[in-house]
Amino acid sequence: MLGYKIYGLCKELFPINRSLTGDGVRETLNIIKREIPSLKLYEVPSGTQCFDWSIPQEWNVKEAYIIDPNGNKICDFSTNNLHLMGYSIPVNTSMNLDELNNHLYSLPDFPEAIPYITSYYKKKWGFCISHTERQRLEDGTYKVFIDSKLEDGYLTYGELIIPGKTTEEIFFSTYICHPSMANNELSGPAVVTYLAKYIKGLKERRYTYRIIFIPETIGSIMYLSKHIDVMKKNIVAGYNVTCVGDNNAYSYLPSKYGNTLSDKAALHVLKHMTGNFKSYSFLDRGSDERQYCSPNINLPICSVMRTKYGEYDEYHTSLDNLDYISEEGLNGAYEIYIKIIETLEKNYTYISNTLCEPQLGKRGLYPTTSTKDTHNVVKNMLNFLVYCDGDMDLLSIADKINVPIWDLYETIEKLNEKDLIRRE
Numbered sequence: 001m002l003g004y005k006i007y008g009l010c011k012e013l014f015p016i017n018r019s020l021t022g023d024g025v026r027e028t029l030n031i032i033k034r035e036i037p038s039l040k041l042y043e044v045p046s047g048t049q050c051f052d053w054s055i056p057q058e059w060n061v062k063e064a065y066i067i068d069p070n071g072n073k074i075c076d077f078s079t080n081n082l083h084l085m086g087y088s089i090p091v092n093t094s095m096n097l098d099e100l101n102n103h104l105y106s107l108p109d110f111p112e113a114i115p116y117i118t119s120y121y122k123k124k125w126g127f128c129i130s131h132t133e134r135q136r137l138e139d140g141t142y143k144v145f146i147d148s149k150l151e152d153g154y155l156t157y158g159e160l161i162i163p164g165k166t167t168e169e170i171f172f173s174t175y176i177c178h179p180s181m182a183n184n185e186l187s188g189p190a191v192v193t194y195l196a197k198y199i200k201g202l203k204e205r206r207y208t209y210r211i212i213f214i215p216e217t218i219g220s221i222m223y224l225s226k227h228i229d230v231m232k233k234n235i236v237a238g239y240n241v242t243c244v245g246d247n248n249a250y251s252y253l254p255s256k257y258g259n260t261l262s263d264k265a266a267l268h269v270l271k272h273m274t275g276n277f278k279s280y281s282f283l284d285r286g287s288d289e290r291q292y293c294s295p296n297i298n299l300p301i302c303s304v305m306r307t308k309y310g311e312y313d314e315y316h317t318s319l320d321n322l323d324y325i326s327e328e329g330l331n332g333a334y335e336i337y338i339k340i341i342e343t344l345e346k347n348y349t350y351i352s353n354t355l356c357e358p359q360l361g362k363r364g365l366y367p368t369t370s371t372k373d374t375h376n377v378v379k380n381m382l383n384f385l386v387y388c389d390g391d392m393d394l395l396s397i398a399d400k401i402n403v404p405i406w407d408l409y410e411t412i413e414k415l416n417e418k419d420l421i422r423r424e
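Residues in the sequence shown are numbered from 1 upward in steps of one, following the working numbering.
Be a bit skeptical, because a hint or two may be false.
[Stated by the list, open to error] Pair by pair, the computed Cβ-Cβ distance ranges are:
(1) Pro367 - His227: 48 to 56 Å
(2) His227 - Asn72: 48 to 56 Å
(3) Ser396 - Glu112: 48 to 56 Å
(4) Leu202 - Arg136: 54 to 62 Å
(5) Leu2 - Tyr366: 34 to 42 Å
(6) Arg422 - Asn60: 56 to 64 Å
(7) Lys123 - Pro404: 51 to 59 Å
Since the hints were derived computationally from the structure, they do not count as laboratory data. All C-beta atoms in this analysis are idealised placements derived from N, C-alpha and C, irrespective of residue type, glycine included.
With these hints in hand, go ahead and build the complete structure from the sequences.
As structure tokens, then:
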């Protein structure tokens, strides 16, 4: 089970402060590159126009904290990077509690959690604090210190192209732009890192694989602005990988119309491997599928997750920590995506070489002793053959006859050996 390795990568990446840009993103990508040496890193300058958006300034933080009236350091960025609101401008001042409260964020419904708050596109500052600690704050003078820099720099991202026999592509996208949160932030890139290792290790690849590690939203917009023509031409299936680390039931978020090869493969694998998953509407979208499925883009991108973002109480808080994810949860999601890759790789269209139903017995394909198991084998073989007319791919046939696609691999091998079918 690879879950312990995937979890180990999450654990190593967890302390790093990440945002849309900055040194934390570079540090994260360099660790992933250590695992995938062929990963290429790119930087896009601040101010670069990307469709209707532009790359923001780079943000880096050295330290940030508040000193309370008793001289205690609170909301210390070095203790938990969620304490500082993302993209906070530098501050060095003193103020009373009423003034400070205008810059504090807490969650009354989850009093022990530190919320995750950002302000990417408006210059402001703030601190995040547990509601329990906030209620203990006393009147008096507070010293506020934020040593941060907002300046022209770069947005950094990683790209891996793994060539196959064809130029048709399978696309995997995951994001690297949140600070210390385990499921929402790190489970995606950690699982995708090990998916990349698996794909690179395949002896034969039908498809080319395009894998990217980007900041959410602005990263996908930027990447599309650079590669939209080749992506629209070549991508036949793709997945936005996020929130795949907990041990709860799986979730499926479709592409815009829910009718792509990506959707078919995801639903097939989830049905036959889990038997229990929650389906959402595209109207429930909230991650980079918004960009990949937007008008005039319309890529075949969907998502398979564990608990969907926004659907668990720990989401976007300090409670989304390393205790929330598990080796088993990560390994389960990894195995689901491996099965999806296998399904896509083996999803060919077949044509029967005979007129009418072939005589299986004279070819040694009909068992001499009939049992319930042999009956099912023959039934599946004949049901498969009846749809081998070039109109349905293997995945569609497997759905039609209600068997896992992988249960047909041996059948196809036997029929090929007897020259009863050919691959289109």
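Given a hinted range of 48 to 56 Å, is it respected by the beta-carbon distance of Pro367 and His227? holds, 52 Å
Supplied distance hint 51 to 59 Å, evaluated on CB atoms of Lys123 and Pro404: Taking Cβ atoms as reference, Lys123 and Pro404 lie about 54 Å apart, which means the hint holds.
Does the beta carbon distance between Arg422 and Asn60 stay inside 56 to 64 Å, or does it fall outside? holds, 59 Å
Taking the Cβ atom of His227 and the Cβ atom of Asn72, is their distance within the range 48 to 56 Å? holds, 50 Å
Is 48 to 56 Å right for how far apart the beta carbons of Ser396 and Glu112 are? About 50 Å separates the Cβ atoms of Ser396 and Glu112, which means 48 to 56 Å holds.
Could you check the hint for me, namely that Leu202 and Arg136 are 54 to 62 Å apart, CB to CB? holds, 56 Å
Supplied distance hint 34 to 42 Å, evaluated on CB atoms of Leu2 and Tyr366: holds, 41 Å
Hint violations for this structure: none, all hints satisfied.
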